[in-house]
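Take the sequence shown: its letter number 871 is residue 871 in the numbering used here, and every next letter is one higher.
Be careful, since some hints might not be right.
Listed below are the simulated DSS-like cross-link pairs for lysine-lysine, each with C-alpha atoms no more than 27 Å apart in a straight line [claimed, not checked]: (1) 183 x 272; (2) 381 x 370; (3) 272 x 321; (4) 595 x 423; (5) 370 x 423; (6) 321 x 377; (7) 130 x 917; (8) 183 x 142; (9) 197 x 130; (10) 130 x 142.
Don't read these hints as lab results, they were simulated from the structure. Keep in mind it's a predicted model, so treat the numbers as computed, not measured.
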Amino acid sequence: MKLYQPIKSFLSILALSILLFSNCSGQVSAGDTFLFGLSERFDRLLGNEATVACSSDVTITTKAVYLEEDGDTTATFNASNDSGLTLSGAQQWGYSTFETCIYPNSPFSGSVEIPVTVTSNYGSRVASVKSFPGAEVAIPTKLTFTGNGVAERQCFKFTASHDSLRNPVVDPMIVALGTMTQKDGSGNETSGTYTGKDACDITLSLDDADSPGVRVSNISRVMEEPSPSATETNGTFQIRLRTAPTANVTIPINDTYDSVNANNREGTANPKTLTFTTANFATPQLVTVTAVDDLEIDGVKVYTVEVGRTSSSDSEYNGIKPRNVVVYNRDQSVPGYAYIRFDTTTGSTGTAGGAVDRFATDESNQFGTKYSNFQLKLRTKPTNNVTLTFSSNCGNKCNILTPTLTFTSTNWNVYQTFQVEGKSDSANSGNANYTVSFVASSADATYNTTVTEPTFTIRSCDNDGTHLLQPCNFSGSPLATSGASDRLTATEGGTSHIWMIAQSNPGADVTIGLTSTDTSEGTVPASVTVSSTNYNFMESGGTNRILLTHVDDNEVDGTVNWDVTTALSTGAIAYNPIDIFARTTDNEAYFYVTKLGSTKEGSSTPADTATIHVCLGAQNVETITVSVACATHAANTAAFGECGTLSTATLTFPAGSRVDDADASNANCANSARKQTVTILGADDSFADGSQDYTVNLTKDANTDAVYSSGAATLSNQTITNRDDEPLGKAIFVTTTGAPGYNGEMTAQGVFGADNTCNNYKPGGVPTGTYKALIVSNSGGDPTVANNRIPNGTNWVLTANYHYYRCNTSGYTNCSDEYSRLFVANGSAGFDPTSLIREFSTVGQQYWTGMTNTLAPATQGSTPACAGDGLTYRHNCHGFTYQNCPSTPASFLYGQSWTMASTTSITSQESVCSETKHLICVQQ
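Given these sequences and hints, build the entire structure.
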């Protein structure tokens, strides 16, 4: 029931006029302005009473609320979202409805009582209710809590209405939460955490849609700090003037207004100044806020961007203070380590740790730390010193030269160097890998416990003992010296490499001859040279580098192993190094397939035909055939019956059909003169099922060809999309369990309030998208009724010729035009409720619709006069905004409802607006 606010005493108005804007503790921060950038001070300055600081023991999720008369967004509290809200509506501008919640956050026993006083000068322009828990009721004069935490919350909801009038500027609405009382389990007052403390107040300001002013939207989204995985690193808000000024209007933007964003540590806003003229005043101008990574682990940071006072020679537009905008910056700072290798390549690891390679030492220590040093730093600022203590499993193959590194809250972002060198183990056990790791010790729990330390893998090259010359490469590459299973590998046409190093400086050139065991698969240079300048180097231009070229043979021959045989060296050293093992992987395929286009129901034009081209990648000496067939999809699935006709059931390749090299790929098969082709038409149905994918199976038939008889000679099936030729299909559901039973007063938003319920209480499994209620409101010329909806007119929810189907749960058979169609809208975007294909919901259920069962806006004979309330139009619960006459609560209004009379037919009747009924929700 809506009751007009009583007139407040002059003393109360006077007290309100001297309230100050700031937060409860006197600091300006987004914690108090949360969504709207208004500061709250509103400390109690009654008489000579001292300022009372509000208690942090009670959480107010939003202390300063800002509504617009013509707002298009509804905000409902949701603790699981980064912004703390679930938004619905158009979401282009500000809020028409907003919910804020109160709850104690410190544990206590017994109960806590908080007195509540509401003071408002907005009258019927703002409706306020207690919205949670339970059904909506008037805001009480006292809140009682028996537990702490968000689950114990009690919420207030505020809704603005547009009166289409220019209103005088008045003080904000105040919901004063007074001095708390704590009681024990027997209800006796006691001393505790909350005793005598004052909860923070809630303030609400309303933007008049019909006065000179500045309209400011909310930030477009929750942003995230820049990172490799971040995609939403900026957001926008828009600003425009409400009426035409007589001169230019300038508005400054201050992105460091909030201490949270000091020095732009969280984000930057641009541009910094907006100018509106008499020509562009109504055109929204965008301000872009770009997130900044502060390199700290700090969760979602909330801060305010100030929209400054206007400057203009137009007196009505000079000095207006628009509302500010609150920005949300989701943390992307990942604790962990960043590193730089010896060759200046970089990387990082996160909380899961990781392995880092491409390092090498040698057992004669001719490299030193040249290829085994790296630099480390922390990725985020620690709260305490972090000491890294290094160790290795190298045995006698290495010496760690840097046992520890320490990072502080000052130098955490500065690289420090770690070094390890090779050492002789007096054994010739061959090349091997070892790891260097470290343990982080800190009073910072993140780096002490949460972050897993990375490991660094280093290749040890065995050039001590009798090994005067030794092949060597970096960790991460195959050893290539330890046997047939560990080979240098590349695809045909690629290369791989390894170096030859010496045990000591040879003093003069040493030449090692090389041969390939299979030149059809790989080749090597005739020799490499180790000299006094490269014996301890592994560089790309060195003459000691062995470059293996993996031959592209244009044949389907799979993976082939081959070896590099080393000869007895000549020159300063006479030694025969160990051989090198290699592997070449095939880059040819037995088949290449090109798929082009998609199909459309009921059409055989080239644009609506799919084509599959198939080519052979290997030479065939016998005829090869490939069977083509539509895959069998299970009945009761969307893909069932979508594949239509095929131009052939068999593709035949005569002997010698191998594709030319230039066309030997999936992309180029269509260009080949040797391709074989099948065209596909989609099947037609009578359902609005949208585009559906189906499969065309390609199966090689049995043959005795030396190449294509192999079981490896297979080709992949192809997925084709069949486009629908029916008008769009849209889902309909009826509000059920979990949704509030709706009486005829659907908040000040009327039918738009019903839309909000549809979007907030969708059953599981229904299609995504926006839903609107199948409900009408005909103003009858009453300007006090907003948000009208007229059949096939203003805000109507159906579209001509669309298919509408029931979807009260998930599953294709429960939620599709094929299996649960309700009706097909006629050319006037209507239907016959008395001749449905099936029921909206259970027979006997009733729905608020405001219509007769001919889809005509209904009037109700029992509607009272509501004398003195000024309601010209009173039918359909005054556009579904009232239950009763505002000044006569006992006089109830009436609205039109439907009854599901049978499985195919609706009846219509008037119902008193206090009754609870369901809503029919239609996907848009």
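27 Å Cα cutoff - pair residue 130, residue 142: 11 Å, holds
27 Å limit on alpha-carbon distance, applied to hinted pair residue 272 and residue 321: 16 Å, holds
Pair hint outcome, residue 370 versus residue 423 [Cα-Cα no greater than 27 Å]: Distance ~14 Å between residue 370 and residue 423 Cα, so the pair holds.
Given hint residue 423 paired with residue 595 - CA-CA distance at most 27 Å: 58 Å, violated
Given pair status - residue 142, residue 183, alpha carbons within 27 Å: Holds: residue 183 and residue 142 sit about 14 Å apart, inside 27 Å.
Residue 197 paired with residue 130 [C-alpha distance capped at 27 Å]: Judged against 27 Å, a Cα distance of about 23 Å means the pair holds.
Agreement of residue 321 and residue 377 with the hint, judged by alpha carbon distance not exceeding 27 Å: 46 Å, violated
Holds or violated: residue 381 to residue 370, with C-alpha atoms at most 27 Å apart: 30 Å, violated
Holds or violated: residue 183 to residue 272, with C-alpha atoms at most 27 Å apart: 52 Å, violated
Proposed proximity, residue 917 with residue 130 (alpha carbon, max 27 Å): Status holds; Cα separation ~21 Å.
In summary, the numbered hints that this structure violates are 1, 2, 4 and 6.
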